[in-house]
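Engineer: Chains as they are written, first to last, in numbering that gives the first Met the number 0: chain A, 0 to 283; chain R, 0 to 218; chain P, 0 to 299.
A portion of the hints provided could be inaccurate.
Below, a list of computed lysine-lysine pairs in the DSSO-like style, where the Cα atoms sit at most 27 Å apart [as the list claims (entries may be wrong)]: (1) R/Lys1 to P/Lys121; (2) R/Lys59 to R/Lys71; (3) P/Lys294 to R/Lys71; (4) P/Lys46 to P/Lys290.
If you're looking for bench data, these hints aren't it; they were derived computationally from the structure.
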Amino acid sequence: MKDFDRRWIFLAMGIVVVSLFTLEKPTEMPPSEYVQSYYDTIEALPEGSIVMLSADFDPASAAELLPTYQATIHHLLRRNIRVINVATWPAAPPYTRAGFDEIAPLYGKAYGTDWVELGFIPGDDVAMGSIGQSLRSAYATDDRDSTPIAELPLLDGIQDRMEGIEVLISMSAGYPGILEWIAQVGGRYEVPILTATTAVQTPDLFAYYPTQLSGFAGAATGATQYLQLVTVDMPVAVEGEPETLVDVKVNNQERMLIQAGAHMLILLLILVGNLLYFFTKGSR
Amino acid sequence: MKREIPIAMTMLAGLIVTAAFFSKAPWLQAANAELLSWALIFFSVAFLLGIGNLFRINLKQIAMRHPDWPYKAILLITLSGYLILGLLEIEGFIVYGDGSLGNKVYQDWIHGAVFKPLQATMFSLLAFYIASAAFRAFRARSFEATLLLGAGAVVMLAQVPLPIPGGSAIGSIVQPMQHFLMAFVNTAGQKAIIMGAALGVLATGLRIVLGIERSYLSE
Amino acid sequence: MNMLALQAAEVPFFDWTSTNTHLSGWLICFFTLAIFSFLYKDNPFYKIAEHVFVGVGTAYFALQYYNEGIRGPIVEHIDRATNLAPNEFVTLGGVDVDPTVAIGVRLVAAVLGLMLLSRVIKPSGWAPRWPLALMVGIYAAIKMTGETQSKLVQQIQGVVKDGGLTVPDSALAWSDFMAGSGSITQTAAYLTVGKIVLVIGLLATLIHFMFTFKRGAGLNAVSRVGIVTLMLTFGAMFGFTVLGRIALLIERVENVFTFADPNYAVLGESAYLTPPALITAVIILVLVLRKMTGKDVEAT
Chain A
0 MKDFDRRWIF
10 LAMGIVVVSL
20 FTLEKPTEMP
30 PSEYVQSYYD
40 TIEALPEGSI
50 VMLSADFDPA
60 SAAELLPTYQ
70 ATIHHLLRRN
80 IRVINVATWP
90 AAPPYTRAGF
100 DEIAPLYGKA
110 YGTDWVELGF
120 IPGDDVAMGS
130 IGQSLRSAYA
140 TDDRDSTPIA
150 ELPLLDGIQD
160 RMEGIEVLIS
170 MSAGYPGILE
180 WIAQVGGRYE
190 VPILTATTAV
200 QTPDLFAYYP
210 TQLSGFAGAA
220 TGATQYLQLV
230 TVDMPVAVEG
240 EPETLVDVKV
250 NNQERMLIQA
260 GAHMLILLLI
270 LVGNLLYFFT
280 KGSR
Chain R
0 MKREIPIAMT
10 MLAGLIVTAA
20 FFSKAPWLQA
30 ANAELLSWAL
40 IFFSVAFLLG
50 IGNLFRINLK
60 QIAMRHPDWP
70 YKAILLITLS
80 GYLILGLLEI
90 EGFIVYGDGS
100 LGNKVYQDWI
110 HGAVFKPLQA
120 TMFSLLAFYI
130 ASAAFRAFRA
140 RSFEATLLLG
150 AGAVVMLAQV
160 PLPIPGGSAI
170 GSIVQPMQHF
180 LMAFVNTAGQ
190 KAIIMGAALG
200 VLATGLRIVL
210 GIERSYLSE
Chain P
0 MNMLALQAAE
10 VPFFDWTSTN
20 THLSGWLICF
30 FTLAIFSFLY
40 KDNPFYKIAE
50 HVFVGVGTAY
60 FALQYYNEGI
70 RGPIVEHIDR
80 ATNLAPNEFV
90 TLGGVDVDPT
100 VAIGVRLVAA
110 VLGLMLLSRV
120 IKPSGWAPRW
130 PLALMVGIYA
140 AIKMTGETQS
150 KLVQQIQGVV
160 KDGGLTVPDS
170 ALAWSDFMAG
180 SGSITQTAAY
190 LTVGKIVLVI
200 GLLATLIHFM
210 FTFKRGAGLN
220 AVSRVGIVTL
230 MLTFGAMFGF
240 TVLGRIALLI
250 ERVENVFTFA
260 DPNYAVLGES
270 AYLTPPALIT
280 AVIILVLVLR
290 KMTGKDVEAT
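Using the sequences and the accompanying hints, generate a full structural model.
Structural biologist: What follows is the structure, encoded as structure tokens:
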């Protein structure tokens with residue numbers, strides 16, 4: 000066992016993922032109550048209300064969070080909800096810019112009135128505390144082309160202490176993320192909070208739901224379920240046309256099958272490893 | 000005085016921020032907002048300080064012809080190149096198109112074509128290592144370890160569709176098991192961990208704000 | 000996947016606003032596959048990718064910290080305060096402050112920032128300690144207040160509010176479930192048992208954490224329940240960790256396959272001439288040559 004070359008396992012994992020990749024078989028997943036609450040909370044917002052959307056992730060977690068992020072942008076803009084974008088992770092703002100530049104025109108939304116990009120703010124917990132206490136003190140300019148934030152009409156209705164913001168949504172990949180938002184903003188100013196998180200952070204969230212957290216889409220599973228809910232009445236994907244949210248959904252559903260194969264492999268490895276262990280222990 | 004002044008500053012700043020949590024007095028709120036902005040500035044300066052060190056260490060290795068020196072040169076060239084391009088763009092010396100796409104277009108392209116695949120792939124290597132660890136390390140040596148493995152297996156099976164013969168039967172067993180595990184047992188465990196950690200934060204925070212904890216000032 | 004079919008027939012060589020171009024395709028595939036080559040063995044491709052990663056990543060982060068942590072709160076803030084009309088004020092935490100005061104106070108922060116920078120010249124000097132001391136005090140205070148409220152007070156409130164042993168009126172009766180309607184997780188019996196397990200598990204784990212000194216058989220039994228709860232919790236976390244790691248790998252494979260479309264091929268539309276195929280071939284060839292010539296010994 001000691002001289003077993005672990006690269007064989009790497010190879011097995013590679014083969015499983017790449018071979019299942021060619022299957023292209025989407026599978027439906029029933030939404031959990033947590034994902035349903037995430038969806039319902041956004042559905043219940045009145046038109047024209049303002050939401051703060053915080054991008055707290057980076058490329059290393061985009062695989063899990065970007066689909067939910069795109070779907071959330073679609074969901075909010077389709078319901079004519081206005082969005083203030085912030086980020087506590089430095090590598091997140093490019094995703095915000097790309098997402099809104101692509102999605103906002105579909106719903107005829109304009110920068111400055113329907114959405115703003117305030118961008119990254121350094122300082123982790125302190126940054127969140129600063130945003131919560133006073134958005135105007137936290138940011139001097141926007142992140143798009145350094146426009147002073149006093150010139151952004153969307154922010155006219157926003158007061159200090161999160162007044163005017165109906166819901167805070169965090170796309171959270173770890174620290175700083177949803178747990179810090181709950182501590183620095185959710186608890187202090189009683190703003191309802193929603194979140195989409197990476198798998199690693201998902202188990203933590205159960206301890207906050209439903210009193211401190213109104214809903215969450217956890218891991219690739221939650222992302223797939225939420226995408227299904229958002230795309231229910233969207234037209235089906237057309238091959239050869241530019242990628243739509245329905246494509247993202249189908250893609251995520253296909254990913255779940257590959258995921259299943261890889262999980263089976265890991266369970267098999269645990270099983271074989273244990274059998275070998277007990278077998279060799281018995282013979283010693 | 001070398002230690003007294005910093006300790007006094009820590010206490011004063013800590014007490015103002017703590018007091019602003021309880022009181023809405025205008026001057027306290029203003030002082031709190033300003034102090035938080037200060038912290039952001041120091042945070043950023045501290046990061047830039049780190050880059051100075053990175054330059055120093057790598058330049059030294061290049062000068063000493065360390066075996067890896069060509070790679071260190073690549074590091075410094077990409078670092079400086081991106082830094083210069085970004086600064087020119089942020090300060091408005093170069094503008095993409097008519098400027099309607101904002102002043103981060105060039106930076107975003109490098110982010111998307113270079114940084115994104117590199118960081119994402121770095122972290123995706125962990126999928127291979129967790130598979131290797133599954134084979135070599137996860138042993139049901141004791142009752143506790145067996146519980147851990149069992150709970151992990153339930154989650155792994157319940158989170159995905161199971162397109163195998165008997166998959167739906169397995170699914171209908173592990174789904175409720177996972178629900179119970181996550182919604183009640185995991186919630187109990189997480190809550191206990193959260194409360195325990197919060198007590199730790201409270202104790203450490205009080206020690207710092209009251210000036211008892213001073214280790215951060217040592218060399 | 001479906002992305003393959005979605006690439007427009009005409010792929011541009013290069014475009015600053017898109018990464019679906021030939022040049023980006025080559026870069027993305029090279030960096031991805033170069034990092035994966037580490038799984039076989041440390042090698043020059045991996046080393047190049049690793050050092051580019053550190054270089055580009057550090058520069059990117061530096062730009063963000065400069066733009067949002069120095070340019071914004073110092074330069075822009077002071078600039079805005081200087082250009083206010085005579086009767087206008089700067090708002091700080093919801094309070095109107097005279098611009099001169101606001102500028103003065105922020106200049107103090109700038110000076111303190113410079114003191115922090117003086118570490119470069121004299122690492123053991125007294126100057127960097129002042130901003131450091133302030134930072135520690137502010138950070139400790141905000142963390143302490145926020146987390147005590149959300150992770151102690153509101154967590155306990157949550158247990159009382161939600162963890163009370165009552166179940167919602169919408170819960171299913173057991174007889175209805177047996178008759179075939181709904182799922183077991185919606186039944187009143189299931190929810191009641193679950194809530195009892197939650198409260199017992201929480202108390203037992205807290206007791207396990209707290210009574211670390213010598214204890215009798217009774218406390219030991221309770222502590223054991225706490226350990227069981229913790230192990231099941233860690234197991235669930237492990238399961239989710241696997242889920243997350245695999246998701247990252249799938250995305251990388253998917254991304255590389257995007258560029259395996261014949262539209263990205265050089266010289267004719269063959270999938271063998273696309274970036275992933277050619278780069279994989281070159282990396283394998285070089286690794287084999289290095290092994291044959293004994294050059295990769297130093298790398299291990």
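Engineer: Each hint needs a verdict: does it hold in this structure or not?
Structural biologist: Consistency of the hints with the structure:
As the CA atoms of R/Lys1 and P/Lys121 are separated by approximately 15 Å, the hinted pair is consistent with the 27 Å bound. About 10 Å separates the Cα atoms of R/Lys59 and R/Lys71, which keeps this hinted pair within 27 Å; it holds. Using a Cα cut-off of 27 Å, the hinted pair P/Lys294 and R/Lys71 holds, with the two alpha carbons roughly 20 Å apart. For a cut-off of 27 Å, the pair hint linking P/Lys46 to P/Lys290 stands: about 17 Å separates their Cα positions.
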